[in-house]
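Enquirer: Keeping their order, the protein sequence lines are chains A and B. For the first sequence, counting from 1, position 116 maps to 130 in my numbering; every step adds exactly one. For the second sequence, counting from 1, position 446 maps to 472 in my numbering; every step adds exactly one.
Calculated from the structure, these hints are not laboratory results. All residues carry an ideal CB built from backbone N, CA and C; glycine is no exception. Take the hints with a grain of salt, since some may be wrong.
As the list claims (entries may be wrong) - Pair ranges (Cβ atoms, derived):
id	chain 1	residue 1	chain 2	residue 2	range
1	A	Glu70	B	Arg85	52 to 58 Å
2	B	Arg53	A	Asp91	24 to 30 Å
3	B	Val428	A	Lys157	47 to 53 Å
4	A	Gln89	B	Gln68	34 to 40 Å
5	B	Gly71	A	Gln89	43 to 49 Å
6	A	Glu70	B	Thr524	30 to 36 Å
7	B	Thr524	A	Glu33	27 to 33 Å
8	A	Arg69	B	Thr524	32 to 38 Å
Stated by the list, open to error - Heads up, simulated SDA-like pairs for lysine to any residue below, C-alpha to C-alpha not over 25 Å straight-line:
id	chain 1	residue 1	chain 2	residue 2
9	B	Lys300	B	Gly227
10	A	Lys149	B	Pro95
11	B	Lys570	A	Lys149
12	A	Lys102	B	Gly49
13	A	Lys149	B	Thr84
14	A	Lys102	B	Gly227
15	A	Lys157	A	Arg115
16	A	Lys102	B	Met430
17	B	Lys570	A	Asp110
18	A	Lys157	B	Ile41
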Amino acid sequence: MEAGKRSEGMNATDQQKLEDCIARARSGSLEAWGELYREFAGPIFRFCRRALPAREDAEDATTEIFMKVREKLGQYDSSRPFQSWLYKVSANHCWDILRKRRIRQDLETEDVDETPLEHPDASVLDRLLEESSSKNVRGALGKLPARSRMALVLRYYSDMSYDEIAESLGVRRNFVGVVLLRARHQLREALAGQDSRGMAAGRTP
Amino acid sequence: MNANPNQQENHFDEIACLQYLEGQLERARALELSAHAENCGQCRGLLGALERESRLLTRAIREEDEPVPARLFRPVRERMPWAWIISFGMAAAGTYWLWTTIIDPWKAQLNEAGFGGTNLVTMLFFQGALWKGWGSMWTLVQAMAVMAMCGVGYVLLRRGLRRMNTIALVMSALAVALLLPAGASAAEVHKNQPNYTLASGETVNNDLIIFGSVVRIDGTVNGDVIAFGANVTVNGHVTGDVLFGGSNLFINGTVDGNVRFGGSMLTLHGKVGKNILVGCGTVLADSSSEIGWGATIGAGDVTLAGHIGRDLLVGAGRVQMDGFVGGNVKMQASEAGEFGSNSQVQGKIEYEGPKQPDVASGAKLASAPVVTIRKKEMDTFAGFSWWHKALAWGASFVFGLVLMLLAPGFFKETVESANRYGASVGIGFLLVFGIPIAAIIACITIVGLAVGISTLFIYLIFFNGAKVFVAVWLGRMLLGKGGYAGISASAGGFAWKTSEAVGQLALGLLVIYGLRLIPYAGIWTAILVVCWGLGAVGITLYRKIANRNAVPLTA
Chain A
15 MEAGKRSEGM NATDQQKLED CIARARSGSL EAWGELYREF AGPIFRFCRR ALPAREDAED
75 ATTEIFMKVR EKLGQYDSSR PFQSWLYKVS ANHCWDILRK RRIRQDLETE DVDETPLEHP
135 DASVLDRLLE ESSSKNVRGA LGKLPARSRM ALVLRYYSDM SYDEIAESLG VRRNFVGVVL
195 LRARHQLREA LAGQDSRGMA AGRTP
Chain B
27 MNANPNQQEN HFDEIACLQY LEGQLERARA LELSAHAENC GQCRGLLGAL ERESRLLTRA
87 IREEDEPVPA RLFRPVRERM PWAWIISFGM AAAGTYWLWT TIIDPWKAQL NEAGFGGTNL
147 VTMLFFQGAL WKGWGSMWTL VQAMAVMAMC GVGYVLLRRG LRRMNTIALV MSALAVALLL
207 PAGASAAEVH KNQPNYTLAS GETVNNDLII FGSVVRIDGT VNGDVIAFGA NVTVNGHVTG
267 DVLFGGSNLF INGTVDGNVR FGGSMLTLHG KVGKNILVGC GTVLADSSSE IGWGATIGAG
327 DVTLAGHIGR DLLVGAGRVQ MDGFVGGNVK MQASEAGEFG SNSQVQGKIE YEGPKQPDVA
387 SGAKLASAPV VTIRKKEMDT FAGFSWWHKA LAWGASFVFG LVLMLLAPGF FKETVESANR
447 YGASVGIGFL LVFGIPIAAI IACITIVGLA VGISTLFIYL IFFNGAKVFV AVWLGRMLLG
507 KGGYAGISAS AGGFAWKTSE AVGQLALGLL VIYGLRLIPY AGIWTAILVV CWGLGAVGIT
567 LYRKIANRNA VPLTA
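Between the sequences and the hints, there should be enough to build the whole structure, so can you do that?
Expert: See below:
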């Protein structure tokens, strides 16, 4: 069962196996629940790792998310992909953590910053992308405000739709694109900052 | 999603390009953009760059750059290695400290005094209840408290480095805890010297703590004398109490306070201002002896020829009473009791023994002794004890039941925490010492009396009641409800039904009370259960406080 992958990446057998497993877990089978847990603990941990600032937070959150999931398993609508539901629960949980810790550095609710973004030069962007490794991107991601980081994680890790992102982050559907684009701009700035520091460090004898 | 007015009229802005790539653009706009991009290098370039950016982002975010922590897949008891390490480290350090500085020297002294190693545990417990010298354990208890606070501090700091108020709180608590022992440790201590003599005319204006084989106080001590050794003789004057664990205690001089003694023989020739509390082989109080207040004696042979100001409570093999008692007398003699011709008792006399006491003709008793004849029955105490145990079992069961009904979530989580028995016992060990000290510190510092007293109150409730969590845990284990499916219980491997828990509670309590009936091991079981239960409560409360987002697993 390649459950860690997104549902479209699963073949029919895997999908069937997962559905069986969920059904058994819902009827109280500990073995089935254990199977689900082992299957998804990794992906959910990685999700939390990207969404939350510290590794310990991610570990705790993973455990808590599974407590929540187990409790709410009865509410899961089996006509929807399980992974989407799982990521939605995870997103809500992580966002709750960030919100309660008051480290949402950006604006609180629906007030999305609408100041116009500078139109990028494709060639400059291309060069920046060429110079940036995955590791750099992850480093830059960690420096982003919570909502920007969360938006990118929801979109590019969990494959969430704009509607789902809007619901998870509590912003209007129309603003999701703006939030994502702003997040990308912030990421580019962070990447450019890293590069210039890296180059400066490189030049230092 | 209009074309950017700052750009050439037909160009599309970045957000439109992004939404186009992500399939979020309306169909008409998407077709328009697609057609435009075929002929516009600039927009095509931007689309390409954004797409590459998406790919890089997706790859970077999804890349499995670090392994999933093993603890997420381990059984739950291994979820808190830090708690294990800290708790056991501190417990080990505390035990080592306790052993090397208190028990070992004491044991050596006891050996010297004629008490073999086998008697040590008995002595410890016997002394423990009577020993006023718990005061001198203050330093130890404080050390424990400091260690407990360090543990708590570490946990809080690890979790909440961002919260300066937490740091401030922990730091000030630590400062208070660290400042206190300096003030409290003022006592003159003599160790590692076989003989100690305070010569006549000399004065010690302090509490005197002596570890020595032969101790002789001919001078004056303005404070308490706490001694461990073979022989202690007080010929001089002690203004405080005399506490002695050892072989022979002779009091020829004056003790203004109390005398508390556990050992072999007490010879009282002089004057004790307040009470005596004695557990030993022989007590001999001659006609010149004087006890200002009351006397409580447990011994083999007791001879009391002197003056006792208030009540006398004595349980012994043989009791020979030939002096004055100002209050009531309660006497249990397993072999024989005697009121000699010089005896004078002003209060009531209750006597219990295998036969009538001998009352000499000259004895002046205010009233005739109320005598209960009791043959030597081995199970007298046991019968009493069974009844008490049944009552205690019932009380614990009701307590557990009430708690289960009032706070089912908390109860369940605590049983879950008890499943981490190592961590629970370790943390419980620290809490047993730490909470009372923290409460006392709270009482005497600005934190306030109300906080301190209510903490103590809750502590006492859980000190007595924490066994219910262990009982349910035990019941689960015995009834085979402990299936964890090889995954962490907090991640859901913990099955719970309140109806079953009631049965588990009943069975578990039965087992615990059963184990407690075993001599010696029973005491250790009780201690273990208290630590375990308190630790489980501690872990649960910690989790509740630290993870306010955690969802209780109420079924």
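Enquirer: Indicate, hint by hint, whether the structure satisfies it.
Expert: Status of each hint after checking the structure:
no.: 1; hint: A/Glu70 with B/Arg85: 52 to 58 Å; in the structure: violated (26 Å)
no.: 2; hint: B/Arg53 with A/Asp91: 24 to 30 Å; in the structure: holds (28 Å)
no.: 3; hint: B/Val428 with A/Lys157: 47 to 53 Å; in the structure: holds (52 Å)
no.: 4; hint: A/Gln89 with B/Gln68: 34 to 40 Å; in the structure: violated (49 Å)
no.: 5; hint: B/Gly71 with A/Gln89: 43 to 49 Å; in the structure: holds (47 Å)
no.: 6; hint: A/Glu70 with B/Thr524: 30 to 36 Å; in the structure: holds (33 Å)
no.: 7; hint: B/Thr524 with A/Glu33: 27 to 33 Å; in the structure: holds (31 Å)
no.: 8; hint: A/Arg69 with B/Thr524: 32 to 38 Å; in the structure: holds (36 Å)
no.: 9; hint: B/Lys300 with B/Gly227; in the structure: holds (24 Å)
no.: 10; hint: A/Lys149 with B/Pro95; in the structure: holds (20 Å)
no.: 11; hint: B/Lys570 with A/Lys149; in the structure: violated (36 Å)
no.: 12; hint: A/Lys102 with B/Gly49; in the structure: holds (21 Å)
no.: 13; hint: A/Lys149 with B/Thr84; in the structure: holds (12 Å)
no.: 14; hint: A/Lys102 with B/Gly227; in the structure: violated (85 Å)
no.: 15; hint: A/Lys157 with A/Arg115; in the structure: holds (17 Å)
no.: 16; hint: A/Lys102 with B/Met430; in the structure: violated (33 Å)
no.: 17; hint: B/Lys570 with A/Asp110; in the structure: holds (16 Å)
no.: 18; hint: A/Lys157 with B/Ile41; in the structure: holds (23 Å)
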